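A.B. asks: Single-letter residue listing:
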Amino acid sequence: MHYQKIVVIGAGTMGSGIAQWFAQQLCSVELVDNSEEQLQKALKGIYDSWDKLVQKQKLNVTEVEKMKGLLSVKGLGKVARDADLVIEAIIENLEVKKSLFQKLDQHFAPHTIISSNTSSFPISLMSEALSPARKPRFVGLHFFNPATIMKLVEVIKSETTDELLARDLYDWFESKNKKPALCKDSPGFIVNRVARNFYGEPLRIAEDDNEEKMKEIDRILKEVGGFKMGPFELMDLIGIDVNYSVTCSVWEAYGKEPRFAPHALQKQMVEEKRFGRKSKRGFYKYD
Amino acid sequence: MTNVSFENILISFGFASKEDLKKLLRENADKEVYLDLTCYDPAEFYLAAPNLKGAFSALFSDESKKIEVHMRERNEKFLEKLRELGFFPVETSIVSCGFIFPRTIVQVINEAYYALEENVASKSDIDRAMKYGVNYPKGPFEWAQDKELYVLTLLNELFTKTQDQRYRPSKLLTV
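Chains as they are written, first to last, in the numbering used here: chain A, 1 to 287; chain B, 1 to 175.
The set of hints was computed from the structure by calculation and includes no laboratory data.
These numbers were taken from a predicted model, which means no experiment stands behind them.
Note that CB positions come from ideal geometry on N, CA and C, so glycine has one too.
Treat the hints with care, since some could be wrong.
[What the hints assert, rightly or not] Chain A residues, not near chain B, derived (Cβ > 10 Å throughout):
| no. | residue |
| --- | --- |
| 1 | G12 |
| 2 | S99 |
| 3 | E154 |
[To be verified] Here are some of the chain A residues that sit facing chain B, going by a computed Cβ distance under 7 Å:
| no. | residue |
| --- | --- |
| 4 | L152 |
| 5 | V191 |
| 6 | V194 |
| 7 | A195 |
| 8 | F198 |
| 9 | K222 |
| 10 | E223 |
| 11 | K228 |
| 12 | I238 |
| 13 | V242 |
| 14 | A253 |
| 15 | Y254 |
[What the hints assert, rightly or not] Below, a list of computed lysine to aspartate or glutamate pairs in the DMTMM-like style, where the Cα atoms sit at most 20 Å apart:
| no. | chain 1 | residue 1 | chain 2 | residue 2 |
| --- | --- | --- | --- | --- |
| 16 | B | K66 | A | E223 |
| 17 | A | K184 | B | E76 |
| 18 | A | K157 | A | E128 |
Work the whole structure out from these sequences, hints included.
C.D. replies: What follows is the structure in structure tokens.
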């Protein structure tokens with residue numbers, strides 16, 4: 001099927017990136033947030049990004065005018081009820097999300113697919129808030145930041161998701177030049193699970209807080225392994241606190257399985273508020 | 001195992017058991033030996049054999065032919081020979097079981113196998129997710145292609161050395 005009417009809930013970094021990407025596919029997009037200020041900020045960010053793409057000759061003025069016409073921002077009460085696909089990208093708080101899904105379920109038409117961009121909660125747990133009729137039409141759609149550039153979309157199928165619907169979304173994203181990956185509803189899905197060791201193992205090779213060694217490990221993994229960034233500089237960019245919290249959440253979700261155990265240094269750094277680039281001190285210093 | 005000898009230097013390439021590598025070192029006590037120790041801990045070999053002058057990891061080397069090299073003392077003749085044979089040696093001062101790149105990717109590969117074992121996704125979707133979600137140059141199964149034996153040997157070695165459950169290999173690697 002063709003997904004033409006899209007609603008994105010949450011105008012933060014992920015939500016506005018997702019909305020921008022859909023508008024660039026010439027879908028009609030309603031970007032929703034309960035803060036008018038956030039909506040205007042997101043809209044300005046998207047417009048600025050499009051202007052830059054015109055300057056770089058990646059898009060032309062006519063295309064951008066069309067996209068601008070297709071994108072609108074509003075509060076939930078004003079959203080049309082007949083959307084094809086709704087994507088939730090609000091804060092990672094299970095109770096807040098569940099109460100939102102309950103509202104969305106009542107607001108939208110029976111054919112509307114409701115999805116979540118969560119990276120931490122089981123899709124099956126969130127679907128508890130939905131009516132039995134909606135459950136087959138509820139799916140995880142996990143985009144990666146920046147959503148307009150990163151091609152992966154994890155299409156997450158819970159026990160109650162309609163298999164054909166998940167397949168259809170997969171094919172649709174594929175046709176729009178994304179690289180979808182179909183995956184089961186399990187902690188960390190694919191990326192946040194399989195990527196853990198790219199951080200955890202170099203931490204064990206370094207053994208302790210040794211900047212010279214970390215620099216060397218980063219260099220080798222880039223030079224020999226072909227990675228764009230080394231694990232330590234990447235953790236500093238992501239935020240030590242963010243990376244540590246994802247590690248802990250995957251570790252706990254798998255019953256403290258030793259393969260996912262955080263390294264003592266990560267905890268120590270969080271306690272010392274060495275969060276990486278944003279606090280000017282992580283594995284490296286940024287003065 | 002393929003051996004290359006010149007002057008007083010012996011370089012051994014390819015996969016071999018620990019026993020065979022130690023035997024080679026014993027039989028060449030008068031030579032300066034350099035071994036591919038991708039799946040093992042160079043520290044253990046350095047301790048046992050003073051004639052081991054350096055170690056490298058070429059078993060996971062791809063078309064870039066870049067390999068990690070550790071030397072007790074820098075030896076330009078050995079490095080030159082590696083270049084002559086088409087490799088690009090990248091020197092490191094860190095001695096770690098499985099070096100840096102092999103040790104890191106076997107752990108990424110192992111987790112990808114665990115995910116496959118639990119039917120989380122298909123091989124191709126896991127590869128795709130890592131390449132397009134976090135920009136890995138290759139997917140874990142692409143790295144592991146025809147190298148499952150090296151992956152398993154290194155994981156077993158890490159497990160034996162550390163007794164840490166994090167190195168337990170996925171069942172799919174052991175069949």
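A.B. asks: Hints numbered earlier in the text: which of these fail when held up against the supplied structure?
C.D. replies: Result: hints 3, 9, 12, 13, 14, 15 and 17 break, sorted rising.
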